[in-house]
Each structure stands twice: as C-alpha cells, then as structure tokens.
Amino acid sequence: MSVPRSEITGQLAEAVGPENLSSSSVDTIAHALDFWPRALMESRQGAWPRGPQWVVWPGAAAEVSHVLRIASSYALPVIPYGGGSSMVGGASPRGDRPWIVINCKRMCNILDMDEVSMVVHVQSGIVGVELEERLNARGFSLGHVPTSMTTATLGGWLSTQSAGMLSSRYGRVGDLCLGVTAVLPDGQVVHTRVAPRRATGPELAHLLLGAEGTIGVITAAHLRLHRLPLHRWFDTFRFDEVAPAMDALRRSLAAGVRPLVARIQRDPRLRRQDRDEDAAEPTEAELALRVLLMAYEGPSELVEAEREIVRDLATARGGEPLGPAPARRWWGQRFAAGFRMTPLLVQDCLFADYVELGATWRDLPGLYNSLEEAFDKRGWRTRIAVEHARLEGASLGCAFWGEAASPGLALEAYDEAWNLAAEVCHAGGGGLGHVYGGGQHRAALVDASSKQRLALLTDVKRKLDPAGIMNPGVLGT
Amino acid sequence: MSFDEYKKALELCTYCPKLCRHTCPVGNAERREAVIPQAKMAMANLVRKGQVDLTTETASVFYHCNGCGLCGEYCEHDVDVTPALFAARAEAVDKGMDLPSMKQFTERFYARNESLFRELHHTIEERFFVEEAQVAYFPSCDTVEHSPRVMQDTLKVLESVGVDYVALHDGEYICAGYPFWAAGLMSELSFLAKEIASKLSNYKKVICDCPACVWMMRFLYPQLGAPISAEVLHVVEFMDNYARRIEVSSTVPEAFYHDPCYLGRWLGVFDAPRRLMGRGVREIREFTWNRERSYCCGGGGLVSDNLPDVAAKIAQRRLEEVLRTDVPMVVSACATCELNLGRQSGSVEVVNLMTLLARLL
Chain A
1 MSVPRSEITG
11 QLAEAVGPEN
21 LSSSSVDTIA
31 HALDFWPRAL
41 MESRQGAWPR
51 GPQWVVWPGA
61 AAEVSHVLRI
71 ASSYALPVIP
81 YGGGSSMVGG
91 ASPRGDRPWI
101 VINCKRMCNI
111 LDMDEVSMVV
121 HVQSGIVGVE
131 LEERLNARGF
141 SLGHVPTSMT
151 TATLGGWLST
161 QSAGMLSSRY
171 GRVGDLCLGV
181 TAVLPDGQVV
191 HTRVAPRRAT
201 GPELAHLLLG
211 AEGTIGVITA
221 AHLRLHRLPL
231 HRWFDTFRFD
241 EVAPAMDALR
251 RSLAAGVRPL
261 VARIQRDPRL
271 RRQDRDEDAA
281 EPTEAELALR
291 VLLMAYEGPS
301 ELVEAEREIV
311 RDLATARGGE
321 PLGPAPARRW
331 WGQRFAAGFR
341 MTPLLVQDCL
351 FADYVELGAT
361 WRDLPGLYNS
371 LEEAFDKRGW
381 RTRIAVEHAR
391 LEGASLGCAF
401 WGEAASPGLA
411 LEAYDEAWNL
421 AAEVCHAGGG
431 GLGHVYGGGQ
441 HRAALVDASS
451 KQRLALLTDV
461 KRKLDPAGIM
471 NPGVLGT
Chain B
1001 MSFDEYKKAL
1011 ELCTYCPKLC
1021 RHTCPVGNAE
1031 RREAVIPQAK
1041 MAMANLVRKG
1051 QVDLTTETAS
1061 VFYHCNGCGL
1071 CGEYCEHDVD
1081 VTPALFAARA
1091 EAVDKGMDLP
1101 SMKQFTERFY
1111 ARNESLFREL
1121 HHTIEERFFV
1131 EEAQVAYFPS
1141 CDTVEHSPRV
1151 MQDTLKVLES
1161 VGVDYVALHD
1171 GEYICAGYPF
1181 WAAGLMSELS
1191 FLAKEIASKL
1201 SNYKKVICDC
1211 PACVWMMRFL
1221 YPQLGAPISA
1231 EVLHVVEFMD
1241 NYARRIEVSS
1251 TVPEAFYHDP
1261 CYLGRWLGVF
1271 DAPRRLMGRG
1281 VREIREFTWN
1291 RERSYCCGGG
1301 GLVSDNLPDV
1311 AAKIAQRRLE
1321 EVLRTDVPMV
1331 VSACATCELN
1341 LGRQSGSVEV
1351 VNLMTLLARL
1361 L
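Protein chains in written order, with our numbering: chain A, 1 to 477; chain B, 1001 to 1361.
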C-alpha cells in the first residue's frame, strides 16, 4: 500500500493542529531511539537510525482517536511515546513503512484530585517526578518510585507495568491503578470503571496495563494515593551469603511485615569506588557477603513491631545488624543506578545491559546462583540484587557488562549474554521481564508457557487492531 | 574551547536514558523531546561525528537552552551542558548555520551598548563616576536598560553603611559579553573581554550586579586570555561584609527569595543574599526548588530573545508556587531574573534585593 505523505500530513495537522505535528529532522531524530542498549550499541558504529515520518503531540483522547483513525485507514504503524526511556526497544523503530509517533507529553495535567478517597485522575503524559512533586505539595504520594522517576511518563509506567523501589509495600504501578482512559486502534475511547472491588467480569484495564501500546494508547488514569509519610526508618543486616538473607526476608514478609524497601545486594563496602586505593582485593568470603537493606514508613508503633520481627529473623539466620546508615545511604543514592550503564555504552568494545528475572521464593536462591555462575564462567561481570520482594517471590535485578575484541564482537557477546540469561531463567523456573516490559528485545526470548500466552494475546490484538498498527513487533504480538 | 573538546560530555549524554529531563526549563516548557538536555547534546554529538548534517534546522535546538546548568547539578557524571551547547552554537556560527534571528547580532550588540552608555550617564549623577576609585561598580546591561533604579539603590545602600569609596565604572562597554558567549560569537567575546579586562584591572575590586558577568569575568575571561587582576565580586558578596551595619526603618513580613542561576549554582553564593534579605524581611520563604536546585527564570541563554513564549512559560512555572500563597513579593539579585519573572508575576512584586533594602532604610 503506497503512502500519500502530504495527504496524511494534512489530515494529521487537522487532527492535532499544525503546531502539534512535526516531520522536521530534529523531532524525528529525537524519536529515533529509546534507551535499548542493543540499538544504542549499533548506533555507535553505523548511521543513526531513521526516525518516524510524523511526530504528533495530541492534547486529549479525542485527538489521539483522530490520529489512530487516520493511521488505521492508511495502515501506518503507530508508536505511543512517553519518556522514550524503554530499555527493551519499546519505543524504537522497526520495519520499512513510515510510522507515526504519538508523543503523549502534552497530556500532562491532573484532572481531578479526590482527597477524601485519596484518588487522583491524571493524564498519562506527565513525567513521574512532576506528578509526585505535585502530589507531595498536597501531602500525598503515589508510592511509585522507579529508577526512571525523572524521565518516564505515567503512560510509560502503566504500559510496561513498571515496578518501583517501593513495590514491596505499594505494589507495581498496575496495583495503584483504579481505571484508565484509553483509545483503541479504531479510535474508540474507552473508560474503565473506577470503583472499589467488583465482580463483574475480567478487568478491562488489565488488557491495557503492560500492553506496551500494542492494544491502544492510555491517555489518563485514576490512581490510588497514599499520605506522604512524616518519617522513614532504615535498617541493615549483613549476611555471609545470599541464601540466609533471602530466607530472613521471605519469612519477614510471610509474618506480615510490609517494608517500604526490601533489598539484598553485595556489601557496598566492596564497591570499587568506595574502597581505599591501596586496599587489598576482596577475599572470596568478602565477595560472598550480602546486605539486606530495609526501609519502613507508617505509624511508629507499627514500624517498631515490623522492625523487631525482621531483626529477630535476620539475626537468627546470622545477620549482623549494621544499623540504619548503609540502608539510608542507599536511599539517598537510589536514583544513581540509572546513570551507571552510560559510561559503558560509550565505549565501542564494551557491552552492558540490565536483565531482571522474577521467581518464586522456592526457586530464587537456585536461580541467583545459576545466574551468577553462568556469567562468571564467561568472564562477564554482574551485579545482582534481590528486589521487588513480595509474599510469593522476588525479582533478581542483574546488571551485566563485559568487553569484546571489537565492536561487532561486543554485539555478539551482548546477544549471547541475553540468551544465556534467558536459558538460565527458563531452566530455573523464572520469568524474564519482571519489572518493565518486554519490548522488541525480550519478545524473542520467551519460554514455552509465555508463547501460549502471547498467542492468546495476539488473537485479542487481531480483533482490536486488525491492521496491526499499534506498536508492531513489541511483546511478540 | 572548541566543539570537539566536549566529546566526553556529548558522548555521555547521547547514551544516557534522559535522567535530567525534568530539570530543563526549556524542555518542560516546550514538552518536546528534541529540546531536553539529552537530545540537544545528542544532536550536537551526532553533528560532531558527522552522523547528522549541520543545518539551520539541526542547529536550532542548540538555542533552546537557558544555560542555567540545573541539568548538570543532577548529573552523576558532572556533565556541564551549557558550555558544550554554547560551543555547538559557535560551531553553527562558524558554518553559517546559526539562527536567522542571530544575523547582525554584533552590530545590534554595539548599537545597544551605545544606547546604554548614554542611559547610564543620564541616570547616574556624574559625581559617581570617579576614575581613581579603588572599588568600581560595573552595572549590568539589563540593569541599565530595564532596572536603572537598582544602580541608585545600590549606591544608596552602600552610602548608608558608610561605604563612600565606590565609583561607577566609566567604561566604553556596558555589557561584559554574556550575549556573545550565548550567541556563539567567541572572537567577538574575546575582543570585548580583553578590552574590559584591561580597564577593570586598574581597580582593586570590581563589584557587579549581574551574576553572569561576575562568573564570566572570574572564570571565562581568563580562559580567553583576559584575566582581571582586580577582585571581581557580585554586589551581594561585597555588601555581605556590611550586612550588620544595615539599619532599616521598616520591614516586610515575608517574601520569597529566588536564587539566580549564576549567583547560586555557578558562583556558589547562597547565604549572603539571604543574610542581606534578612535585614528587611521577617520571614524568607523558600521555593521547593532552591539553592543549587533553583529553577531558572527563563531569561538566560538568549531564550527570552529567540523564544519569548518559552521564556514566559518558564517564568510562569517558577512563579506557580508563589501564586499559590498570599506572599506578595519575590526578591532576587539579578536584573535578568527580575525582568523575566516580573513580566509574568501579575500582582506579585519582583524586586531587586538592593532596591528592597534601599526602600526600607
């Protein structure tokens, strides 16, 4: 099907206003890539990839609807765009056909705030930190704090089922979402009902949450709020190895503790940048050390009881109490992790990425060890943390990096590393993409059970998006 | 510095997941991906590497920057975006790809300078222009053009604390050249810096009411081969030594203090203006984004000239917090801030610190 570009340009200008449409080189270049390390590594050598033909900034669901009807009629791919910070190619280009980017950032207003029910109705293009600051000014918090806080939009979070650092207490963003407004590929605007619990069939919002823009464009959401806490408490315990730390955390959650943060990671004293220059290399035993970082908020009586439960369980498993300082320090630097990959990506022969595997507690220790061993054997570096702990399991966040002899070999090693992570994950009973979506990248790395799920999702997508315009190639649908 | 000397910073930004997006006044005002700090730096890098052609269109994004430096404050890699983007502007100038609105900038600069010179001598009594003074007062171009009252007020406050040895600098040039730097006109800046430095070096101290001028004279002039032997201070730094001597006859109940980017973030002067303000304001209200994280007024980087609507939105955003309160006043110590915030402040008064103190004497 040929693409009458000027005709489409005219129609899009009518849909969103000419000032909210661009095909200029600066706008298309700016939307050509997201933060998918593989695509960025490719761009280090070759040409910068071409961008979309059109970028539109709709101001409301009605304008999104108009754009999608135009796209459907010409079978043009559409990529909904929030912060463009996807690490899995969720907003990266694909295919030969010219495509439209719907940049949602004009839709950035708080539409209503019900302080009695503690519910906010907000448009999806608002950047996370801006939403949180506006809520904080009125004494509330969303309780969703991912590393992408300062760059991603609410729509991006909802579309990838983002899990933030406070997910042990508040859940992932989908758990905070009471309803959405979304535009389907045929232009239909749907509002899912906002009400406390009901039993009237499957929740339609769940079809859109985590769909990464493959089903429709989320334009607004009703979100549950929390009171801004007056105090936070921190505790740290050091263990000789990871398994007893996991055990202490699992039992704490099972006992009813609802920590704000619960995280197991390598002892921060071993971090290269935190050690004296003339300090000896860490021993095997030191390298095995892990710390359990805990943070709490809420009424002090409840928090004291929670802290006591964790303290008892941790010390009974050999955990050495280190006091609040290390956990508080981590909290103070909680956004720094987002900066760590960049210095690796600017070097032509290095490769780096971040893989997260979810597993139930039964499988988690084995998976942790297999993952660490598998990467160690190849000489690739890892930094693995247990995050997003919940009653039934947790996530392993694994930053990995390595060096190859040439830029081409770095790409090959990168792919090999991902295949290895997927292999270890599937063999160990885990699931990939626990935290922020699948994008284009992880679509190829799914296991058998996910394939069946994706086949069903594809059937649903075919019904709603017969022209296949919505973010094609993402999620394997 | 040449464009290539910013390679490391440009590369780091190109491969960053846009973590400073929220800090950029221009990016927030335009809500356009191409003008967030990461995208502007990436564009400069792609041009540097030859992956994208330098055209007037691609170069245009370099001008969507206030030069406020807030993004660098947030950056874990300490990337300094302002000088890199100003160097990119210089590259655009060299290749004839700068903004059409930048044409004949030099001619307009000197025409304005001439007009300001006349204005300065019209506003200030000749007795204040003394050649042999030890301390020279170098008012900024925006002060002379938009807030000439500030000069008289500064002299009044100085006199009130017994400082009568400060004279107005009677030089040919009223502007220290920030517009040249922001326009990417480095050879013009270099010439001007040398001219001004040779004159100001005759004094022991130079005080200036423009934070950007002070920063340039202290840090950029030496890089251009134009060091000033005199100590260069912002007016509030100088006045801070005499803060306790300021006796006011009345006070203001409360007012917000707006940290100008160059006085705060760039020069590290945070407490002196608050101490001075405390002489006449009973409660100093703080913005949520204050001190090192102060949000720009929108006036810097030539944004108010090239993109006035954007500058207006930035000022509106800065003032949102004030307008939610009943506080009737915002105090600052930079003529550009007063000008840009004042245009959007409605019933809220935006006033220079020296003017406020002079009024309360």
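Worth double-checking, as some hints may not be accurate.
Pairwise CB distance ranges (calculated) [stated by the list, open to error]:
hint, chain 1, residue 1, chain 2, residue 2, range
1, B, Ser1347, A, Ala137, 19 to 27 Å
2, B, Glu1286, A, Ile110, 34 to 42 Å
3, A, Leu111, B, Arg1245, 48 to 56 Å
4, B, Lys1049, A, Gly408, 15 to 23 Å
5, A, Gly429, B, Ala1312, 39 to 47 Å
6, B, Arg1149, A, Ile110, 35 to 43 Å
7, B, Ser1347, A, Met118, 28 to 36 Å
8, A, Ala405, B, Gln1223, 34 to 42 Å
9, A, Pro229, B, Glu1286, 36 to 44 Å
10, A, Ser300, B, Ile1284, 27 to 35 Å
11, A, Ala137, B, His1077, 51 to 59 Å
FYI, nobody ran anything at the bench for these hints, they're computed from the structure.
The beta carbon of each residue, even a glycine, is placed where N, CA and C say it ideally should be.
Cβ separation of arginine 1149 of chain B and isoleucine 110 of chain A, checked against the hinted range 35 to 43 Å: holds (40 Å)
Please test the hint of 27 to 35 Å on the beta carbon pair from serine 300 of chain A and isoleucine 1284 of chain B. Roughly 32 Å apart at Cβ, these two residues keep to the hinted range, so it holds.
Verdict for alanine 137 of chain A, histidine 1077 of chain B (Cβ pair) under range 51 to 59 Å: violated (30 Å)
Between serine 1347 of chain B and alanine 137 of chain A, is the Cβ distance one that fits in 19 to 27 Å? holds (21 Å)
Kindly confirm whether 28 to 36 Å is satisfied by the beta carbon distance between serine 1347 of chain B and methionine 118 of chain A. Since the Cβ atoms of serine 1347 of chain B and methionine 118 of chain A sit about 34 Å apart, the hinted range of 28 to 36 Å holds.
Alanine 1312 of chain B and glycine 429 of chain A - C-beta distance against the hinted 39 to 47 Å: Violated - the Cβ-Cβ distance for glycine 429 of chain A and alanine 1312 of chain B, about 57 Å, lies outside 39 to 47 Å.
Against the range 36 to 44 Å, how does the distance between the Cβ atoms of proline 229 of chain A and glutamate 1286 of chain B compare: consistent or not? Since proline 229 of chain A and glutamate 1286 of chain B have Cβ atoms about 21 Å apart, the given range 36 to 44 Å is violated.
Within 34 to 42 Å: is that where the Cβ-Cβ distance between glutamate 1286 of chain B and isoleucine 110 of chain A falls? Given a distance of about 24 Å, which is not inside 34 to 42 Å, the answer is violated.
Between the beta carbons of lysine 1049 of chain B and glycine 408 of chain A, is the distance compatible with 15 to 23 Å? Between lysine 1049 of chain B and glycine 408 of chain A, where Cβ atoms are some 18 Å apart, the hint holds.
Could you see if the CB distance from leucine 111 of chain A to arginine 1245 of chain B stays within 48 to 56 Å? holds (54 Å)
Quick check on a hinted range of 34 to 42 Å for alanine 405 of chain A and glutamine 1223 of chain B, using CB atoms only. With a Cβ separation near 40 Å, alanine 405 of chain A and glutamine 1223 of chain B satisfy 34 to 42 Å, so the hint holds.
Of the hints listed earlier, those the structure fails to meet are numbers 2, 5, 9 and 11, in rising order.
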